[in-house]
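**Student:** Residue numbers (this note's numbering), protein chains in the order written: chain A, 1 to 177; chain B, 1001 to 1163.
Any given hint might turn out to be false.
What the hints assert, rightly or not - No farther apart than 30 Å at their CA atoms in a straight line, the calculated lysine-lysine pairs in the BS3-like style are these:
| hint | chain 1 | residue 1 | chain 2 | residue 2 |
| --- | --- | --- | --- | --- |
| 1 | A | Lys4 | B | Lys1112 |
| 2 | A | Lys38 | B | Lys1049 |
| 3 | B | Lys1079 | B | Lys1061 |
| 4 | B | Lys1147 | A | Lys31 |
| 5 | B | Lys1112 | A | Lys31 |
| 6 | B | Lys1079 | A | Lys38 |
| 7 | B | Lys1143 | A | Lys31 |
Hints were generated in silico from the structure; no laboratory data involved.
Take a look at the letters that make up each chain.
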Amino acid sequence: MFNKETINRYKEIKPDESLRRRVLEQSVTHKRQNYTYKVSFLALCCLLLFFVVSNNAKPELVMDHQVVNEQSRMIVEYNASPTREVNEDEEQFYQIPLKIVNGKELYLEVNSGRLLLPSGIEYLSNEPLHSNVELFWVIEDMTNHQYILTMKDRFFQSSYIMIYDKENLSWTIQKMK
Amino acid sequence: MDASKYRTPSIEELYSFYADMLYRLAYSHVLNKEDAEDIIAEVFLKVVKKKQNFNDQNHEKAWLIRVTINTCHDFIRRKKLRVFIQLDTIEDIPDEEQTSKDILEHVFQLDKKYKSCVLLYYFEDFSVSEISKTLLISESAVKMRLKRGREQLKMMIGREENV
């Protein structure tokens, strides 16, 4: 149908060498862009994950959602009437460092009033807490379903141990001498 | 061949194997060097973007040709190109070769539907069966397009001779 000359003429149509460079360059550019997008996306995901995890990183004590108003803070009321010493600063809040197992430091705010611990436990001691009291809390995750808190007040020289049962969401408290 | 066993060549390899043929096809559709280059660049970018894996070499070749032809059609539609025959970019053609240039001009003027079949069959040595698989049309459709393409070509040449 077509003579050789025509076919050769057609086959002479060839791209410039610059097209090869252009194709290869755009391929590299696309791959680089794609890589950058992936890295950015991954970084964004990590960031989101970090925020989600950090927002959920409340201590499990919080799960009874009582008396907790901030992620890293437990509010404890103290309403007991002072006995041996009258405290003029009954309404004062005290901030007491509280260490928990995951290494985060919590602050326990003690207002004058009845001691209401996070799960609603009551202060069982006959000796009310005094506003001068200094509490040292140690929380240990002894098992998968228990927290043990030891508390010592310097004023009364008393020690308390509180056990939180995570399964039953209940506290027991024992006074130790 | 099992698709999992066939190693899809790199872009550089694909370019070396097919760029000339694809460029010729693109050029014969848009009749412009720059536009043909744009189309080929776009086709290879599609390969990279789609991370196209091919079952075998035939699949690879057919895919590239099909995508090139479709990209040409899209390009022409998009740009609403009025295709003028400008073969000046093909090197200076000596007078005695004028006839072959004229015939090629006529081929390039064919309807796009017939042009691809005629080019693949007569210029790229594809069989009817290969064209059928490449363009995803039946073999009888290929034959019909070739026949109509030839008729159209004869009409063009006849018209010119009468002038």
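**Student:** For each hint, tell me whether it holds in the structure or not.
**Tutor:** A quick look at each hint next to the structure:
| no. | hint | verdict |
| --- | --- | --- |
| 1 | A:Lys4 to B:Lys1112 | 23 Å, holds |
| 2 | A:Lys38 to B:Lys1049 | 14 Å, holds |
| 3 | B:Lys1079 to B:Lys1061 | 27 Å, holds |
| 4 | B:Lys1147 to A:Lys31 | 44 Å, violated |
| 5 | B:Lys1112 to A:Lys31 | 34 Å, violated |
| 6 | B:Lys1079 to A:Lys38 | 34 Å, violated |
| 7 | B:Lys1143 to A:Lys31 | 42 Å, violated |
Violation of the numbered hints given earlier is confined to hints 4, 5, 6 and 7; the remaining hints are satisfied by the structure.
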